[in-house]
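Which chain is which? The protein sequence lines are G and E, in order. Residue numbers are given in the numbering used here: position 436 of the first sequence equals residue 436, and the series is strictly consecutive. Residue numbers are given in the numbering used here: position 290 of the second sequence equals residue 290, and the series is strictly consecutive.
Hints were generated in silico from the structure; no laboratory data involved. One thing to keep in mind: the hints can contain errors.
[What the hints assert, rightly or not] Coverage of chain G stretches by chain E, computed from C-beta distances (three or more under 8 Å per stretch; other residues unrestricted):
#1 96-107
#2 171-183
#3 520-534
[What the hints assert, rightly or not] Some chain E residues well away from chain G (every beta-carbon gap over 10 Å; in silico):
#4 Y94
#5 S152
#6 L161
#7 I257
#8 I291
Cβ coordinates follow ideal geometry from the N, Cα and C atoms, glycine included.
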Amino acid sequence: MTAGYKATIKLQIKRLKEFWNTFKHSKRGLFGIGILVFYITIALAAPLLTPNDPLQTPSTTGAADFAVPVWFKSLPGGEKLNENFVLMDEPGFADITSLFEEWNFTTESDLVTLYYEPIKGNGSAAIVFRRKDPQELGGRVTAHLTKEFHWPYDPPPRFSCDITVFAEGTEKIPARVSFVIRKVGEDVKNLTYPIFWSEKIEKPVIWLKSKMSANVSEGEIKINPENFNRLGISGVEEIEVNYEGEIIKATVLSNETVPEDEVRISDSDLKSLGALEGDTLRLSTTKWIIPSPPIDSYDSDFKKKFEKPGEAVGYPEKDVFSEPADYVYDIWILFEDESETLRESMEVTIYLDDLNVRIYGEAYGLLGTDYMRRDIFAQFLYGARISLLVGLLAALLSVGIGLVVGIVAGYVGRAVDEVLMRFTDMLLVLPMLPLLIVLIAVPIPFLDRILPSLTGKIILVISILTWMGFARQVRSMTLSLKERPFIEAAKAVGASRFHIITRHILPNVMSLVYVSLALSVPTAITLEAAISWLGLYDPKVISWGRMLYDAQINEGIDRLWWIIPPGISIALVSVSFILLGYALDEILNPKLRRRR
Amino acid sequence: MGLRVYILKRTIYLFVLILFVLMLNFVIFELMPGDPRALFASQFRFGGGEEGKKAAEEMERLWGFDQPLHVRFGIYMSNMLTGQFGMSYFSKDYISNEVSERLLNTFLLVGVSTILSIIIGIVLGVIAAYKRGSAFDNIAVLSSLTTYSVPSFWMGMIFLLIFSFSLGWFPSGGTSSFSALNPPPNVLANISDRLGHLFLPVLTLTLFMYGGYLLLTRATMLETLTEDYIITARAKGLKERTTLFKHALKNASLPLITNAAISIGFIISGAIITEQVFNYPGIGEWTWRAIANSDYPVLRCIFYLTALCVVVANFIADLLYGIVDPRIKYG
Chain G
1 MTAGYKATIK
11 LQIKRLKEFW
21 NTFKHSKRGL
31 FGIGILVFYI
41 TIALAAPLLT
51 PNDPLQTPST
61 TGAADFAVPV
71 WFKSLPGGEK
81 LNENFVLMDE
91 PGFADITSLF
101 EEWNFTTESD
111 LVTLYYEPIK
121 GNGSAAIVFR
131 RKDPQELGGR
141 VTAHLTKEFH
151 WPYDPPPRFS
161 CDITVFAEGT
171 EKIPARVSFV
181 IRKVGEDVKN
191 LTYPIFWSEK
201 IEKPVIWLKS
211 KMSANVSEGE
221 IKINPENFNR
231 LGISGVEEIE
241 VNYEGEIIKA
251 TVLSNETVPE
261 DEVRISDSDL
271 KSLGALEGDT
281 LRLSTTKWII
291 PSPPIDSYDS
301 DFKKKFEKPG
311 EAVGYPEKDV
321 FSEPADYVYD
331 IWILFEDESE
341 TLRESMEVTI
351 YLDDLNVRIY
361 GEAYGLLGTD
371 YMRRDIFAQF
381 LYGARISLLV
391 GLLAALLSVG
401 IGLVVGIVAG
411 YVGRAVDEVL
421 MRFTDMLLVL
431 PMLPLLIVLI
441 AVPIPFLDRI
451 LPSLTGKIIL
461 VISILTWMGF
471 ARQVRSMTLS
481 LKERPFIEAA
491 KAVGASRFHI
501 ITRHILPNVM
511 SLVYVSLALS
521 VPTAITLEAA
531 ISWLGLYDPK
541 VISWGRMLYD
551 AQINEGIDRL
561 WWIIPPGISI
571 ALVSVSFILL
581 GYALDEILNP
591 KLRRRR
Chain E
1 MGLRVYILKR
11 TIYLFVLILF
21 VLMLNFVIFE
31 LMPGDPRALF
41 ASQFRFGGGE
51 EGKKAAEEME
61 RLWGFDQPLH
71 VRFGIYMSNM
81 LTGQFGMSYF
91 SKDYISNEVS
101 ERLLNTFLLV
111 GVSTILSIII
121 GIVLGVIAAY
131 KRGSAFDNIA
141 VLSSLTTYSV
151 PSFWMGMIFL
161 LIFSFSLGWF
171 PSGGTSSFSA
181 LNPPPNVLAN
191 ISDRLGHLFL
201 PVLTLTLFMY
211 GGYLLLTRAT
221 MLETLTEDYI
231 ITARAKGLKE
241 RTTLFKHALK
251 NASLPLITNA
261 AISIGFIISG
271 AIITEQVFNY
281 PGIGEWTWRA
291 IANSDYPVLR
301 CIFYLTALCV
311 VVANFIADLL
321 YGIVDPRIKY
331 G
């Protein structure tokens with residue numbers, strides 16, 4: 001048994017070798033195979049060739065929207081195109097060296113020191129103001145944390161800055177945190193544009209009377225919404241409630257019906273603090289402060305700051321990065337130790353984390369970016385997957401249906417043949433493209449339940465509407481095979497109908513199957529592209545047709561690097577399958593061969 | 001079997017097919033999700049207004065929403081056979097008012113392109129077959145495969161980009177720059193303007209279609225050129241052109257005729273994509289808009305007309321086949 005099995009395999013290998021030896025001489029066939037291998041490779045290796053997700057707008061890195069390809073820089077006049085710039089590759093201070101080696105710390109006072117805080121924010125820069133003598137006021141003291149960088153280009157299309165701040169002890173000594181990007185050597189006081197962000201932190205700023213009641217399970221404290229803004233909190237958040245040194249956590253509830261938001265603290269908590277009704281509580285937030293509105297030159301509120309008389313919109317990019325130069329990301333903290341009322345405190349700490357500057361490039365990747373800053377090259381690579389997948393699976397299914405219908409109609413004959421062939425003829429009459437579009441556009445509950453995605457539905461619908469031609473071909477082939485002597489011989493020795501079909505008819509129509517498979521793929525690929533181009537794409541995946549739809553809808557039609565690669569690829573893959581099909585036809589069906 | 005019986009059989013088959021198309025058209029739209037009346041109401045937003053009420057009554061009369069299935073089918077059949085397609089949800093107008101103009105536009109576009117592509121395909125195909133294996137042959141085959149494989153919408157986009165946006169030679173869409181408010185100064189300007197609007201869609205569609213004719217002509221011609229009577233013709237000393245076009249092509253034209261007849265059947269449905277690219281107000285663009293707006297009455301009308309077109313074209317192809325080729329066995 002095993003010996004026979006081995007012999008069969010050997011025979012198959014020998015046949016394959018012979019086939020390849022013949023195939024080698026078909027130039028067109030080899031051309032088709034070459035192109036297909038290329039596209040299959042990029043489809044399979046897409047994750048290796050690009051780190052980017054084709055459909056996700058990158059949140060941290062990535063270029064501006066509508067960036068041009070990076071090779072534009074080597075074209076005449078392209079040297080000035082800027083690329084992505086990130087001040088800190090890994091934002092946040094992961095270790096102590098990144099803080100002290102990369103950043104400059106300057107202060108005019110010996111009261112302020114910088115140290116590395118490993119725990120808070122998973123590593124952050126801590127700037128501490130400490131009085132020499134607890135009883136002696138420190139006055140107004142400034143400290144700068146700066147980092148220089150070189151910007152060799154014209155104004156970028158977009159930039160953004162990140163900073164997060166946490167404050168301790170500011171309820172005693174307020175501190176003002178500010179930052180800006182300026183040219184090296186320029187004074188922050190003489191800038192022609194506003195400072196990006198400046199916030200005086202003095203928490204807690206809210207002193208409230210507690211209100212306890214026996215019948216309400218939770219006590220409530222009303223806070224004026226303005227005070228919330230001063231605390232820098234919004235929505236449902238935890239804040240700290242401090243009563244004479246004891247601290248509990250409380251929840252802030254936003255209440256749309258009541259003009260004032262509420263802080264809810266359970267009565268038992270208040271009692272455990274020892275607070276009585278009417279006592280004063282201090283509220284403070286436990287959150288890191290993030291600038292709001294965000295420091296992003298695409299943000300309309302931020303843009304507004306840069307508006308000039310006579311101009312409709314502000315251009316922060318042009319104001320800040322006016323020319324190629326060395327720039328400084330400058331954060332400074334002003335400690336205001338002037339208050340006479342609070343004499344018991346000694347130190348204030350400002351923690352800074354996630355400091356970063358991002359400048360979005362005008363040039364990115366091999367094919368630039370689309371309207372959502374997504375990498376077009378990644379879309380192109382992943383698009384090959386969908387086109388090939390839809391093409392191959394739809395072709396397989398459609399040829400499969402055609403094969404079954406054709407063999408059954410041809411071999412069983414009579415009424416079955418008549419019914420199947422009339423049905424086939426009728427389907428051939430239907431307007432295929434409109435029907436295809438309707439079936440995909442309209443939800444079909446039964447189909448949508450079994451199929452995992454719209455791509456599956458597209459494959460199924462395409463194959464259901466394209467099998468008819470092949471079924472007719474197989475039927476006529478089966479009809480002629482049926483009359484051959486070897487079938488009669490098989491019948492004479494008592495072979496079953498199933499046996500004859502699977503062992504005698506099927507192997508003889510396989511040559512037709514291979515050819516038809518190769519020739520059905522282009523149909524499926526172009527149909528999928530057309531459907532996607534009409535906007536009926538699967539939202540979860542990118543395909544070449546969808547790329548063209550995106551380009552057309554978002555006025556990218558004149559961006560050749562966006563529309564040429566997918567269009568050419570659809571055509572190339574289709575042509576190579578057709579050439580492959582012709583080559584197979586010449587080799588496998590020498591008798592049926594029509595000289596091409 | 002004689003020719004007469006053959007024609008009779010085909011005619012019966014034609015009516016069976018039309019019946020099938022009608023039934024399928026009924027079933028497909030019966031299965032569409034959503035209550036047609038609810039859809040209708042939501043599309044028309046009729047809240048008791050005199051016009052809305054009238055429209056609703058008209059729809060009720062035309063389609064009989066309340067009736068049981070078989071009665072509805074009867075109403076549907078009589079509507080379709082008498083050409084009453086009802087009202088469009090989208091334009092809120094009778095479909096029959098819109099359909100003729102759009103049909104005319106599509107017939108113009110696809111008709112011109114089909115004729116052009118048949119002529120180009122046959123001429124190039126004959127030459128390619130005659131010069132088999134030459135550079136011309138290879139280029140002809142490869143270029144027809146390429147233009148056939150290039151997605152037509154993409155080809156349209158590129159043409160728009162080059163000839164409309166960059167060079168400004170041709171308008172980017174529609175059928176005419178003139179309107180009732182802005183009438184053409186003279187007949188000549190009107191005609192040249194319409195031709196300008198037609199140029200890019202016709203170019204796209206022709207390039208998309210000629211490859212099929214070229215390959216088919218080439219294949220049948222190759223077979224014919226080996227026949228004895230071609231050798232005889234050449235031996236007689238006939239001009240090569242006479243041999244090719246009078247002797248060979250005439251005999252090779254049979255599959256071409258049937259193929260052309262069948263493809264004319266797809267004249268209406270074939271241009272969805274091209275019409276969409278060029279925003280050309282024909283049946284194809286109408287189809288897409290109807291799909292996008294769930295405008296089922298319009299879709300039903302389009303399906304019916306397109307299928308009817310194909311069925312009739314197939315019928316004509318069969319008849320031609322029977323009449324043109326005396327060797328055929330009718331059956």
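For this structure, which hints from the list above don't hold up? 1, 2, 5, 6, 8
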